[in-house]
Amino acid sequence: MTRKNERIWNYAWTAPVVLIIVALLAYPIVRTIQLSFYEYNLTEATQTLIGLGGYWRALSSEDFYSFLYISLVWTFGTVIACLIIALPMAAILNNEFRFKWVMRSILMLPWATPWVIIALTWKWMFSSNFGMVDYLLRAVGLGVLIKNWLGDPDVALFSVMAPTIWRGYTFGAFMYLAAMQTVPTHLYEAAEIDGAGPIKKFFHVTLPGILPTIIVVNLLGVMWTLNAIQMIWIMTQGGPLNSTTTLPVAVYKTAFLFHRFGEASVYGVFIGLMLLIFALLYIQFIAKKGELAEI
Amino acid sequence: MKRVLLVLGILFIVGIFILPQILMAAEKANLTYWGVQRDDKTNAHRQAFIDKFKAANPNFDVEVSLFPFTDLLAKQVTAGAAGTLADVFEVPLEIQQRAAAGHIIPIDTYVDKEDVKDFLDGAVKDATYRGKLYGIPIYNAGARLFLINKDLFEKAGMKKFPETWSEYVEAGKKLTDSSQGVYGGSFDGAGQNTYNNFFQYLAQAGGSILNKDRTKCTVNSSEGIKALQFWVDLIHKHKVVNPNTANLDFNENVALFAAGKIAMLDGFARFEAQIKQINPNIKVGYMSMIGDKKRVAFGSTWNYVIAKNSKHPKETFELIKVMTSKERMLDEPAFMPTRKSLLNQGKWKDIDPEIKKNLTYMAAFEPTTVLSQMIEILSNSIRESLMLKASPKEALDKAATKIDAVLPKK
Numbered sequence: 001m002t003r004k005n006e007r008i009w010n011y012a013w014t015a016p017v018v019l020i021i022v023a024l025l026a027y028p029i030v031r032t033i034q035l036s037f038y039e040y041n042l043t044e045a046t047q048t049l050i051g052l053g054g055y056w057r058a059l060s061s062e063d064f065y066s067f068l069y070i071s072l073v074w075t076f077g078t079v080i081a082c083l084i085i086a087l088p089m090a091a092i093l094n095n096e097f098r099f100k101w102v103m104r105s106i107l108m109l110p111w112a113t114p115w116v117i118i119a120l121t122w123k124w125m126f127s128s129n130f131g132m133v134d135y136l137l138r139a140v141g142l143g144v145l146i147k148n149w150l151g152d153p154d155v156a157l158f159s160v161m162a163p164t165i166w167r168g169y170t171f172g173a174f175m176y177l178a179a180m181q182t183v184p185t186h187l188y189e190a191a192e193i194d195g196a197g198p199i200k201k202f203f204h205v206t207l208p209g210i211l212p213t214i215i216v217v218n219l220l221g222v223m224w225t226l227n228a229i230q231m232i233w234i235m236t237q238g239g240p241l242n243s244t245t246t247l248p249v250a251v252y253k254t255a256f257l258f259h260r261f262g263e264a265s266v267y268g269v270f271i272g273l274m275l276l277i278f279a280l281l282y283i284q285f286i287a288k289k290g291e292l293a294e295i
Numbered sequence: 001m002k003r004v005l006l007v008l009g010i011l012f013i014v015g016i017f018i019l020p021q022i023l024m025a026a027e028k029a030n031l032t033y034w035g036v037q038r039d040d041k042t043n044a045h046r047q048a049f050i051d052k053f054k055a056a057n058p059n060f061d062v063e064v065s066l067f068p069f070t071d072l073l074a075k076q077v078t079a080g081a082a083g084t085l086a087d088v089f090e091v092p093l094e095i096q097q098r099a100a101a102g103h104i105i106p107i108d109t110y111v112d113k114e115d116v117k118d119f120l121d122g123a124v125k126d127a128t129y130r131g132k133l134y135g136i137p138i139y140n141a142g143a144r145l146f147l148i149n150k151d152l153f154e155k156a157g158m159k160k161f162p163e164t165w166s167e168y169v170e171a172g173k174k175l176t177d178s179s180q181g182v183y184g185g186s187f188d189g190a191g192q193n194t195y196n197n198f199f200q201y202l203a204q205a206g207g208s209i210l211n212k213d214r215t216k217c218t219v220n221s222s223e224g225i226k227a228l229q230f231w232v233d234l235i236h237k238h239k240v241v242n243p244n245t246a247n248l249d250f251n252e253n254v255a256l257f258a259a260g261k262i263a264m265l266d267g268f269a270r271f272e273a274q275i276k277q278i279n280p281n282i283k284v285g286y287m288s289m290i291g292d293k294k295r296v297a298f299g300s301t302w303n304y305v306i307a308k309n310s311k312h313p314k315e316t317f318e319l320i321k322v323m324t325s326k327e328r329m330l331d332e333p334a335f336m337p338t339r340k341s342l343l344n345q346g347k348w349k350d351i352d353p354e355i356k357k358n359l360t361y362m363a364a365f366e367p368t369t370v371l372s373q374m375i376e377i378l379s380n381s382i383r384e385s386l387m388l389k390a391s392p393k394e395a396l397d398k399a400a401t402k403i404d405a406v407l408p409k410k
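Just so you know, the sequences run in chain order A and B. Following this note's numbering, the numbering of the first sequence begins with 1 at its first residue and continues without gaps. Following this note's numbering, the numbering of the second sequence begins with 1 at its first residue and continues without gaps.
FYI, nobody ran anything at the bench for these hints, they're computed from the structure. Note that the structure is predicted; figures quoted are calculated from it, not measured. Every residue gets a Cβ at the ideal spot worked out from N, C-alpha and C, and that includes glycine. It is possible that some hints are incorrect.
Not the full set, but computed from the structure, chain B residues with beta-carbon under 7 angstroms of chain A [what the hints assert, rightly or not]:
id	residue
1	ALA74
2	VAL77
3	ALA81
4	GLN97
5	ALA101
6	ASN244
7	ASN247
8	THR369
9	SER372
10	GLN373
11	ASN380
12	GLU384
Derived DMTMM-like pairs (lysine to aspartate or glutamate); straight-line CA-CA distance at most 25 angstroms [unchecked claim]:
id	chain 1	residue 1	chain 2	residue 2
13	B	LYS216	A	GLU39
14	B	LYS393	A	ASP63
15	B	LYS393	A	ASP154
16	A	LYS123	B	ASP71
17	B	LYS402	A	GLU39
18	B	LYS409	A	ASP63
19	B	LYS237	A	ASP152
20	B	LYS398	A	GLU62
21	B	LYS389	A	ASP152
22	B	LYS239	A	ASP152
23	B	LYS239	A	ASP154
24	A	LYS147	B	ASP177
25	B	LYS402	A	ASP154
26	B	LYS402	A	ASP63
27	A	LYS147	B	ASP249
28	B	LYS398	A	ASP63
29	B	LYS402	A	ASP152
30	B	LYS393	A	ASP152
31	B	LYS393	A	GLU62
32	B	LYS239	A	ASP134
33	B	LYS216	A	ASP63
34	B	LYS409	A	GLU39
35	B	LYS398	A	ASP152
36	B	LYS402	A	GLU62
37	B	LYS389	A	GLU62
38	B	LYS216	A	GLU62
39	B	LYS398	A	GLU39
40	B	LYS389	A	ASP63
Work out the full structure, taking the sequences as your base and the hints as a guide.
As structure tokens, this is what we get:
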């Protein structure tokens, strides 16, 4: 088969998949951007072209900045907390000890549990009337720490982040564990000869060795967490008083509760731009990694 | 041979056009029905009448889909925009939004005008948009009242029901035992019902959410501030409702009532079925809604409507006739009849006198095409005040400004 024919066959085989992806991804993206230039209210069946008016309205509204701030706290707070817990956990699991396989299996459980189950269970645990968290705090004499976990606007966001971190860190832990196992053992031997203890070995050998994995996992984590609304929606629905309303939650509410599709599309475009920045960083990083590998 | 071929050719062409018609006529036409997922008895009772329609109309099949309340409302809006609504669906006060958006058709040409007179006047008014009737009322949710825990009332020696706000506070104090987590009163500080719950206290004080033209929000009037201050005081001054009331929706209040932690539950009579499912041993009674300047109890009805995209509007209306028949309403498990003639018949003749008395206080808020947004805005402002993050005046001024911004300009 000639090179030209081979290329034609390649295009022919991949064309159906590409067309489906274009239809499922490109059309909604283009339509969302188009709708963002309109005032489109489904309940009044009106669609009026307002150009950049929707963007100007968003940028001059207090609510938008509130949603943006909450989105950033939610995203980076969750990702950083997952990193802080996952790294030491991976380091511990990288050692040899009895029943290591039991620990690894238990660690997998939060990741394997459906989001809905986790959200409902934690919602019940945080309940002010029937919840286990308050009961346990009282039982150990720490009743003074009791808060209205899901009802206090100052605390609710962190209450929703807790189960998200509980579930999310396990993915990072396993990725870091896998990366740790690729770090050449002679580097650890050399460090030992130089008198390095476990902590110095971790910071000077392990961490530099798994840095690319850390970057990839956290970039993906940022993109996934920013988009995630399931935990928030089930536990607080963006309340109390919009204190857990991130931009994606605002999109959902504006579109499907208030039926203002134009306004929701504007928020959607902003989310898309934020994700695009992280996606470009990710692609840049992967490309550089590829170049280094070739060298 | 040529003649044979000609005859066969003609038969073939005729067959292409006639055979599909014959086949289509033999197939059943499909009507789609969307409703709210309710308790088992109500669902079964509804299905029985759908089956009755099917038996009487063998050429029609009815495909039923049931949804949770908020999911059904959201689905109606998006399906309406897409032109994929069910032929017939249940809709409450949002019927005005559906009519304004052009998603449903007027049914004046189908209804028997004499039969319409049998329906509750307020319900027919709520189903009318710009002079045209768009729906037939089906479920009368009744008017909000208080479900009472008879044992707690007996324990407190309560002989008389409170009728005014101050009597309610006094009764609440007698019934409250905060050391046991038992509170005399309740209201829905969170969730979908905060709006209608607050509406009645606002109306009791003599206020309204919108002006007569529905062009301006009047919730921040002195009456509105008084009503919200009353709610704030119930939590923080008189302490006769759960201190976490700002975060309790009706499901949580029902659960607390069933657990014996609320003596007077502000809700609907139909909640008794849900309460008895949680705690079959609880003794439930009824108490009419209280008042300030006047006694007002929020009440509304659900309606059956016909989608604009329905291919069988006439047959759909026949289904609606069966579903809104006197026979169905007489035995409806959880909802009161929307027909005036039935309010004193069958089991409705023997309903609790407090429920009947309470119906005379029934009123609904002004329906608008931006109801969902108004509910969100006002509920958030109310909660802000209940959590002492804003005074009632500040909270309601903020709500009024935001609501004015979304009200349709006439």
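Here is how each hint holds up against the structure:
no. : hint                : verdict
1   : ALA74               : holds (5 angstroms)
2   : VAL77               : holds (5 angstroms)
3   : ALA81               : holds (5 angstroms)
4   : GLN97               : holds (4 angstroms)
5   : ALA101              : holds (4 angstroms)
6   : ASN244              : holds (5 angstroms)
7   : ASN247              : holds (3 angstroms)
8   : THR369              : holds (5 angstroms)
9   : SER372              : holds (5 angstroms)
10  : GLN373              : holds (5 angstroms)
11  : ASN380              : holds (6 angstroms)
12  : GLU384              : holds (6 angstroms)
13  : B:LYS216 - A:GLU39  : holds (21 angstroms)
14  : B:LYS393 - A:ASP63  : holds (21 angstroms)
15  : B:LYS393 - A:ASP154 : holds (22 angstroms)
16  : A:LYS123 - B:ASP71  : holds (21 angstroms)
17  : B:LYS402 - A:GLU39  : holds (17 angstroms)
18  : B:LYS409 - A:ASP63  : holds (23 angstroms)
19  : B:LYS237 - A:ASP152 : holds (20 angstroms)
20  : B:LYS398 - A:GLU62  : holds (13 angstroms)
21  : B:LYS389 - A:ASP152 : holds (11 angstroms)
22  : B:LYS239 - A:ASP152 : holds (19 angstroms)
23  : B:LYS239 - A:ASP154 : holds (23 angstroms)
24  : A:LYS147 - B:ASP177 : holds (22 angstroms)
25  : B:LYS402 - A:ASP154 : holds (23 angstroms)
26  : B:LYS402 - A:ASP63  : holds (12 angstroms)
27  : A:LYS147 - B:ASP249 : holds (19 angstroms)
28  : B:LYS398 - A:ASP63  : holds (13 angstroms)
29  : B:LYS402 - A:ASP152 : holds (23 angstroms)
30  : B:LYS393 - A:ASP152 : holds (21 angstroms)
31  : B:LYS393 - A:GLU62  : holds (20 angstroms)
32  : B:LYS239 - A:ASP134 : holds (21 angstroms)
33  : B:LYS216 - A:ASP63  : holds (22 angstroms)
34  : B:LYS409 - A:GLU39  : holds (14 angstroms)
35  : B:LYS398 - A:ASP152 : holds (20 angstroms)
36  : B:LYS402 - A:GLU62  : holds (13 angstroms)
37  : B:LYS389 - A:GLU62  : holds (17 angstroms)
38  : B:LYS216 - A:GLU62  : holds (23 angstroms)
39  : B:LYS398 - A:GLU39  : holds (23 angstroms)
40  : B:LYS389 - A:ASP63  : holds (17 angstroms)
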